[in-house]
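Colleague: Chains as they are written, first to last, in our numbering: chain A, 1 to 221; chain B, 1001 to 1221; chain C, 2001 to 2221; chain D, 3001 to 3221; chain E, 4001 to 4221; chain F, 5001 to 5221; chain G, 6001 to 6221; chain H, 7001 to 7221.
Simulated from the structure, these hints should not be mistaken for laboratory data.
Treat each hint with caution, since some may be false.
[What the hints assert, rightly or not] Label-pair distances were calculated between CB atoms; the ranges are:
1) R6130(G) with A136(A): 45 to 53 Å
2) G4077(E) with G7077(H): 45 to 53 Å
3) G4077(E) with R7063(H): 45 to 53 Å
[Said to hold, decoys possible] Counterexamples of contact, computed for chain G against chain A with all Cβ distances above 12 Å:
4) Q6027
5) V6066
6) R6126
Beta carbons are placed, not taken as given, at the ideal position from N, Cα and C, and that holds for glycine.
8 protein chains.
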Amino acid sequence: MHQHDHLRHERIGMPEAVLCGTKSVDQFVAIVTELADTVTEPRLLTRVLPEQLAALDPAIRSRLDVDELSATAFLNGVQPPRPGRVAVVAAGTSDASVAVEAVRTLEFSGVEAQLIVDVGVAGIWRLDARLDEIRAADIVIAVAGMDAALVSVLGGHVGAPIIGVPTSVGYGVATGGNAALHSALASCAQGVAVVNIDNGFGAACAVVRMLSLFGRSPRSE
Amino acid sequence: MHQHDHLRHERIGMPEAVLCGTKSVDQFVAIVTELADTVTEPRLLTRVLPEQLAALDPAIRSRLDVDELSATAFLNGVQPPRPGRVAVVAAGTSDASVAVEAVRTLEFSGVEAQLIVDVGVAGIWRLDARLDEIRAADIVIAVAGMDAALVSVLGGHVGAPIIGVPTSVGYGVATGGNAALHSALASCAQGVAVVNIDNGFGAACAVVRMLSLFGRSPRSE
Amino acid sequence: MHQHDHLRHERIGMPEAVLCGTKSVDQFVAIVTELADTVTEPRLLTRVLPEQLAALDPAIRSRLDVDELSATAFLNGVQPPRPGRVAVVAAGTSDASVAVEAVRTLEFSGVEAQLIVDVGVAGIWRLDARLDEIRAADIVIAVAGMDAALVSVLGGHVGAPIIGVPTSVGYGVATGGNAALHSALASCAQGVAVVNIDNGFGAACAVVRMLSLFGRSPRSE
Amino acid sequence: MHQHDHLRHERIGMPEAVLCGTKSVDQFVAIVTELADTVTEPRLLTRVLPEQLAALDPAIRSRLDVDELSATAFLNGVQPPRPGRVAVVAAGTSDASVAVEAVRTLEFSGVEAQLIVDVGVAGIWRLDARLDEIRAADIVIAVAGMDAALVSVLGGHVGAPIIGVPTSVGYGVATGGNAALHSALASCAQGVAVVNIDNGFGAACAVVRMLSLFGRSPRSE
Amino acid sequence: MHQHDHLRHERIGMPEAVLCGTKSVDQFVAIVTELADTVTEPRLLTRVLPEQLAALDPAIRSRLDVDELSATAFLNGVQPPRPGRVAVVAAGTSDASVAVEAVRTLEFSGVEAQLIVDVGVAGIWRLDARLDEIRAADIVIAVAGMDAALVSVLGGHVGAPIIGVPTSVGYGVATGGNAALHSALASCAQGVAVVNIDNGFGAACAVVRMLSLFGRSPRSE
Amino acid sequence: MHQHDHLRHERIGMPEAVLCGTKSVDQFVAIVTELADTVTEPRLLTRVLPEQLAALDPAIRSRLDVDELSATAFLNGVQPPRPGRVAVVAAGTSDASVAVEAVRTLEFSGVEAQLIVDVGVAGIWRLDARLDEIRAADIVIAVAGMDAALVSVLGGHVGAPIIGVPTSVGYGVATGGNAALHSALASCAQGVAVVNIDNGFGAACAVVRMLSLFGRSPRSE
Amino acid sequence: MHQHDHLRHERIGMPEAVLCGTKSVDQFVAIVTELADTVTEPRLLTRVLPEQLAALDPAIRSRLDVDELSATAFLNGVQPPRPGRVAVVAAGTSDASVAVEAVRTLEFSGVEAQLIVDVGVAGIWRLDARLDEIRAADIVIAVAGMDAALVSVLGGHVGAPIIGVPTSVGYGVATGGNAALHSALASCAQGVAVVNIDNGFGAACAVVRMLSLFGRSPRSE
Amino acid sequence: MHQHDHLRHERIGMPEAVLCGTKSVDQFVAIVTELADTVTEPRLLTRVLPEQLAALDPAIRSRLDVDELSATAFLNGVQPPRPGRVAVVAAGTSDASVAVEAVRTLEFSGVEAQLIVDVGVAGIWRLDARLDEIRAADIVIAVAGMDAALVSVLGGHVGAPIIGVPTSVGYGVATGGNAALHSALASCAQGVAVVNIDNGFGAACAVVRMLSLFGRSPRSE
């Protein structure tokens, strides 16, 4: 029943990605099998479940480049390289799966990204030690759950574009990630933009949209 | 008691703005008077209340460039021009105050912006008629309340960076703007970034962060 | 303990359906067994769980027409045909189970429905390609999760009655379907009516109520 | 800045209505003045505030047909009559303003509606006394706040299409209308469709969409 | 670590009941084993999990009178009979486990209760057929999920004390039972009192408190 | 438009009360004037606003027995005395308006009630000093905002029926009264029943329903 | 009706404070007048409204030491000095009224406190400049709205006891203070304790409880 | 990827604890293995899952001191003794796992704590019997779910510092622990501080922060 969207790259510069976790195993197998049979350009799969992968024909499964931590897979390799340097900064180890989803989506889009983990605000001296690295990036993705204080602290330290990604890591009032989301949206640091909870993929896509700014002069009125 | 932050521009490329609406009239008068006495660079005031303006010394009041619809004021003019073309697109007339807050913040930051209003999805033919104008911009700010469907529709039409600004316009489930916020964050259009409800200022600051990308080559590893 | 409601069809023109998912396996088996023994007219079962079906006497199980994707089953066939043409439009593959619940309920009620999937707003060119088909229907059911922008876009394009069905597909702010529900209820498109999250059955019943309008002249005062 | 939408009636069979309550007095005056100067067909204004009306040019004000209870106004009369009989049923006096908004929108659309008030479930004998009148209608709009039990009870008694309108009347858990909204959406009566809280206008528009079914045969596949 | 509360009956006329579902299997076994060894009066266990029962010493397990549907168990029989006639009325089969928890708690307390199921408002003729039975009771417990309209309808029909028990049965906006809870609390029927979601035990205890009124004359000032 | 409900007393033993605060001044005046002209039995008005009273014909106003603190009024006196002793216990002075609404409703219903204020748990020695008075009552109404701990503490001390009334007094997490409501519903004291936030009227009506138990023997099966 | 609590100081070492903002003007005047007439020890009034002060007998009004920004007043001076050094740190000018409520409560309790304002994380260099001062305190109260990132950053820098006070300053997702509250509770900095939104008084009382630790040796088992 | 934080103890007097439950089994094994290989000081693990322990190298597993009820583990023993006497008071057996997490964290920090369980307010006589023990402590941790009334009652009885820990024990409105959290934050007892739901670890850390007050004189200005 799924209709592939071959026009998306042409229209908005980004290929269609398949969000797998909300689909049944049967739907997943049908979609990926059809893609493998009919598409030769790179395709990105996100939130792939182990039982979905296990149900694939082994010949198709072997064509996928799978990363378990981020639950992502590439079909037919990745896109050509694009310029730009992105820092993906995560507060804690528990945020790593979301951060790596962003890194992998950037890698798929031909963008190299540096991953910096375990620099949460509770041990703020660790963040201080990495600030020069972060300031060297063109764009920063800040991944944090709980109080998401990392997003605001980075926003106060760095003038580059910052995309905050709240995560659902945590318990009690942090369950589900709304505390982190609201903290990031209400950040006292000006000009921080935010994507949905756990949406490392979306943060990377926002970066891809921005990278297009490099390739041309600003438009004049 | 207020301590001005003269280092902010140097650190993150943006000056401190004063969010006036959450301050008492006495606090507002003290802060603006001190700024007027001691600062010669441009300063931006947002969410200025009429009773706050009325309480100012007329000599100081006359030095402010005030816009009533957006409740913004400039002290000491605006910043030097920066290149880049921004479209600020608002779904309805009721969203105009937030959209104009973004336009004014951009103007303050030396960036020209085009305001496009009344192109909500309910009359989608009106949006279609303006798409070429919107596609001509480097960056798009999409301002919408209620269902915020405009944000997603623009995200599906345009490959440029998009900042969604949900507004608190509406009633019933739309009261306060959470319906619009959640709709924008859950947008099926990939790579849309979002700021807090009614935060036209923040959306413009996110744009200013991005404009810095124009001025230099992407950094290499 | 369950008391069947044989009068419902006579009273409101629709038979009682059994919502199975909230019942224990024992309750399910008792209800369906009694229906199979005592009722000869068509009966609809919704949200049937695999473990409930597995617990049935095979003789009774074999009398059911089961659809796995929508988790629906018909006992004793379907109702006589009714005129009218309904389009059931779903944003993505992940919404298909809810959309098919609507299609199956219509089929049970004697109404033919056309299913149109993967026309979400993120790839709005795909929706544009199907608009003529959708405009040809008497009534439209729009099924969408996440931002539910499809509901508003259809409401802006089509003058026929539209029933929005928000789905619980999604994560982060979209978890559980409230973002989609609020978006549909706050739709800027006028006259869109909405049913509970994931309630494909209810949307189809709303259609059945409307189809009665075909059969008679408007009442005069 | 407001751009009128002269194409809406042609596209979806309903004229643009102006939701006034979310607009500033200046915006309201500008919009209505322009409409009065340039449009000769009927136009509907909803949620008009007294201070907005007071700010109009008296010559324009005198051309409006205003109803205070529902805060609605007609400019240039109403649309031609359409067939169909609608019952607008309200639980209590406090729900009347929303119910009359529906009645006025129907009147504007050329549809006559019967208003039945004070038949809430707490005094269910009063509802029983009016059931024959309600059953005589083609379509029913049910307006109720608090527990919105009226919506479910009507849904159990009547086979016609029912649009539930939850209202924000009430206090404590009923504040804002979410209790009524959730009750209406979770109605155990099948096929009840719902609009946003206090949205009498939207319920009437949903009815107008349905009335189009009268005018033609069901479409065949 | 658990300290039994042998004084509760003396103080407030009700024995301590053990809410088992929130305890670990080890905690459950320790508590019930100690009770079985040291207490000879009746004790009530609620929300007993199958794995908890399975972990008990069979000799102790055999001393329990267990009801699976309501997940309740009696140790050492029940309390002496008390006068009074209670109707426990449940909207649907899915509400039966909560309703039976109330019936079992009453039975444990020496009170006989009549269970009336499947009289939800969607098929209101079924409720009408049972009203005389319900009116014959001294006190009514009304158990309903979804819109909980049954609670209000009973409140409009019956003058006896009514305890509403919202249930967590349902999906979408009804998930978790808040829609039913808010509907019951906002009931337009006056004087309906409510207990926590799914708290059949609490409703029965509220009845036990009331039954004490039978045994004595009203107190004079 | 209001239709008075003269049958309510006959049906459920309680007269219709008019909840005034949700009605417009015009609606209020119309309803009370008609009641004053046509009804000779006692009628209760609740949540009467000062501007509503001020708009009445002075002759009618003078026939009302008004209590400002509770915003209640009696028309045509009160109902005949009924036996029973009720304690209305309020945690703080700020809860007094709700507590007095309960006392006035009881007075209207012919029941005498004792008001005990300022016995909140923060100064638990003050509650201890009044426990004997409270234990002497047949039924207890417990009125408390904030943490509503008073409701649970009373439930642990007293075996009589207890109706908890959460109030909207408080700030921060207590704003609106949900903290108090949830605390009362989740009370660890068994058998406490609850009414809507600030609903002193409803608590008194629940008492009136219970008082009927005094007048007759328990019904036998 | 108010009963003063003269035993509180003896029991828990803190006098009763009167929370005025939730009381009617009449209730306020009665309480303060009685206190002024009968009590000679210091008493603290919080959240005093201007209209409450204006209604007092001028003789009593003149005996109050009122601070407008924090809306506090002292009757009969303050308590004897207690040792200890407290830093009250506020993110922004808008948080000052809450911070000063804490300072004034400490002053009332005989504790000197240092107020440090405008050190929010957006300009983190300003906080860095004040860290030595803050580290010199025995106990820290951190007052912040919006993202409340200040609370976490201080928790990462300082080993002393920290009480976080979220404030209701802000708009959009920060409205009401829940974003700040959840951020503070989910703080990644370990051992931060939190009080209710805007509760500067409560934070100071928590400090007073702690100061008792100074006066004695730790208790041995 | 995890970077250990060896500076934390030096900076804020508390070692880094590893929150294990939010980490994958692979992440857990990598972190604990590295700690076991490289660190010789005591380390605390919290929310350890059985499957995480099972995946460890047995040699490393045998070096851990594990407590199952609280899901905590010590690596390399505990810290040196610190003075001070702490009472950890829990309302019910179901709250014990959280209470023991606090006790274990204190034990790890060299602080002895007394655990007092089953003194909830429903059987308030049991609490009264233990009050002298509780009053003998320097600091009190109060652990309670549901209505968390225990927190307020202790706050009214004891002048020592109190840390409230709401728990997620309960059902209906108590699900997830927000009812308990809000009740504790809105406590009518002054000066009670609160940590996140189920955060026994955080409460113990707050105590450790306070214990530092014993070791030195109050600082003078």
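Colleague: Could you run down the list of hints and mark each one as holding or not?
Modeller: To see whether the hints hold, each was checked on the structure:
1. The beta-carbon spacing between R6130(G) and A136(A), approximately 29 Å, falls outside the hinted interval of 45 to 53 Å.
2. A beta carbon spacing of about 52 Å between G4077(E) and G7077(H) agrees with the range 45 to 53 Å that was offered as a hint.
3. For the pair G4077(E) and R7063(H), the supplied restraint of 45 to 53 Å holds, since their beta-carbon distance comes to about 52 Å.
4. Even its closest Cβ contact with chain A, about 34 Å, leaves Q6027(G) beyond 12 Å, as expected for a residue assigned away from the interface.
5. Every CB of chain A is more than 12 Å from the CB of V6066(G) (nearest about 31 Å), matching its label as outside the interface.
6. With 12 Å as the threshold on Cβ separation, the claim that R6126(G) sits away from chain A is violated: the shortest Cβ distance comes to roughly 10 Å.
Hints 1 and 6, counting from the list given before, are not met by this structure.
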